[in-house]
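Go by the hints and put chain B onto chain A.
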Amino acid sequence: MRPPAAFSPDDIVVGHSTRMRAIFDFVKVVSRSDSSVIITGESGTGKEVIANLLHHSSSRRHQPFVAVSCALFSENLIETELFGHERGAFTGAIKDKPGRFEMAQGGTLFLDDIDDVPLSMQVKLLRAIQNRTVERVGGTRSINVNVRVITGSKRDLKQMVAEGNFREDLYYRLNVLPIVLPPLRERREDIPVLTDFFFKKFAKARGADVPVVSNAVRYAFSRYRWPGNVRELENSCERIVQTCTCGTVRAGCLAAGVLFGGGDASPVSVSAELAVPGDAPSISLDDRLREVESNLITWALKVSDGNKSKAAELLSIKRSTLGDRIARCGLVEPVSRDADAPVGLDETSIAPVAVPA
Amino acid sequence: MVSREQVETVLGRIRPLMQADGGDIELVDLHGNSAHVRLTGMCAGCPSAHMTLYMGVEMALREEIKEFEELVVV
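As you go down the protein sequences, you meet chains A and B in turn.
Residues in the first sequence are numbered from 89 upward in steps of one, following the working numbering.
Residues in the second sequence are numbered from 222 upward in steps of one, following the working numbering.
No lab work stands behind these hints, which were simulated from the structure alone.
It cannot be assumed that every hint is accurate.
To be verified - Quick partial rundown of chain A residues pointing at chain B, CB under 10 Å, derived from the structure: (1) N303; (2) R327; (3) C332; (4) R338; (5) A339; (6) G340; (7) C341; (8) A344; (9) L347; (10) N383; (11) K390; (12) D393.
Every value quoted in this text rests on a predicted model; they were computed, and no experiment measured them.
Backbone N, C-alpha and C fix where the C-beta goes; we use that ideal spot for every residue, glycine too.
Chain A with its partners taken away, still in its complex shape (with noise of 0.2 Å):
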C-alpha cells in the first residue's frame, strides 16, 4: 500500500510548453465530469499528479482520493486489495476487509500501472467498472461503488490490446477521457521553470537559502535526456540542494549522468550556446566568434598536449592557419607538460568560456 500522497495545488508547476497547457485545460474540463480517465505517460512525467489535480479540482474533493499501482500486488492479492475480503475467506482473513474501491466510496480511484493488471483479473475490473458494484472475496452481497476510476499507464494500451494482453472491451471502458503525457525530453522549455521550482521547494524544506544556477548547469540540464522524466530531475534538484556547499549550482555538482549524458556537449555547442545572453542589450558577434575560436584552440592544444599539428587535425584546418588564428587570438601556447612541470602553469592560456552575466 503506498501513503496517500499529500497533495496541494502549490505542487502544480505550469510551465511554458503548449502540450502541458493543453492538458491543464483539458484537466479543467474533464475533472467536471464522472467518465473514467486514462493518463498514459512515461514513468516520472507526472500521471499521479495529473490524478490528483483532477480529483482535487471536481465535485469529489471532499470525498477520499485512494491511490494504488496495481503493479505492487501479485495476481492473487490484487483482488483483495481492489474489492476487500470477508472474515474466513481465506487463511489469515481474521477480519472483514473493505477494498479500495469502497475506500474510495463517494471519491476517485487511482489505478496506476493498470497494463500490468494479469488478463484473469481484467475481467473482474470490468465488471467493477461497469456495475458500479464489487464483491468482496468470500462474500456474496454486491456492495454499490460510486467512485470515479482514474487509470495510469506507462504503455501505449491500444498496442497492448492489438498484441493480446489487454482485454479490448476493458480499454473501451477505461479510455472514455484520455490524457497523454509527453516525457520531459518533449518539453524541454520546460526543464527552467521545473528546475527553479525544485531548487526552490527543497531549499526551503531544508531551511536554506535558494541556490544561484550555473548557466552551465542550465545547459547540461537542458540537454540531458531525463530517462526518468520530472522525477529524476526532481531528485536531481534534491541531491544538489542536500550536497551544495557554496550557494551556487555549478557544473561540478551534477550527477555524472548528467553531466556526461549532456548527449553532444562539444565545446562549439556549449560556448556557442551559452555566449547568448537572454537579456542583454546587444551582443558584438565579433567578440563572440572569437570567445569562441580561443576556446576551441585551447581546448585542441590541451587534448593534444601542445601538438600544433595534431591540435590542427582535430579542428580540421592546416598547421600554418593554426599558426595564425593562436596569433590574433592572442593565446599563449602552452608548453608539453611532463610530470613534473607545475600545473597551471599554462593556466593562463586558457581564455574562459564566456558565461553572460
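Positioned in the frame of chain A, the structure of chain B alone reads:
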C-alpha cells in the same frame, strides 16, 4: 598502457561545462593505468564536487578505456 590522449578525450567531454563555470579538471599525471587529476577553479574546494566527479569521471573512464584502473584526485 593508458595514453594521455585517451584520458583527455574522456575529460574533454565534460571540460566545456566545467570551464564554462570557471573550473577545470586537469590531468596531472598517469601512473600505469591510473590517472591523477586535479580540480581547479570554482569547484576545487567543494567536497561534493570531488565526490560526484570522482565517481562519475572514473566510471566514464572505465567504460571507455577497458584497461583503466583508478582515478586519483590530487
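These are the hints, each one checked on the structure:
1. At about 7 Å, the closest approach between the beta carbon of A/N303 and any beta carbon in chain B falls short of 10 Å, and the interface hint on this residue holds.
2. Hint status for A/R327: holds, given a least beta-carbon distance of 9 Å to chain B, under 10 Å.
3. About 7 Å separates the beta-carbon of A/C332 from the nearest beta-carbon of chain B, less than 10 Å, and the hint is met.
4. Taking 10 Å as the C-beta cut-off, the interface hint given for A/R338 holds, the closest approach to chain B being about 4 Å.
5. This hint holds: A/A339 has a C-beta 4 Å from the nearest C-beta of chain B, less than the 10 Å allowed.
6. Interface restraint check: A/G340 against chain B, minimum CB-CB distance 3 Å, threshold 10 Å, status holds.
7. The closest approach between the C-beta of A/C341 and any C-beta of chain B is roughly 6 Å, which is under the 10 Å cut-off, so the hint is satisfied.
8. The beta carbon of A/A344 comes within 2 Å of a beta carbon in chain B, closer than 10 Å, and the hint placing it at the interface holds.
9. With a cut of 10 Å, the hint placing A/L347 at the interface with chain B holds, because the nearest CB-to-CB distance is about 5 Å.
10. A hinted interface residue such as A/N383 counts as satisfied when its beta carbon comes closer than 10 Å to some beta carbon of chain B; here the least separation is about 7 Å, so the hint holds.
11. A cut of 10 Å between beta carbons decides the hint on A/K390: the least distance to chain B is about 7 Å, and the hint holds.
12. Using the Cβ-Cβ criterion of 10 Å, the hint placing A/D393 at the interface with chain B is satisfied: the shortest such distance is roughly 6 Å.
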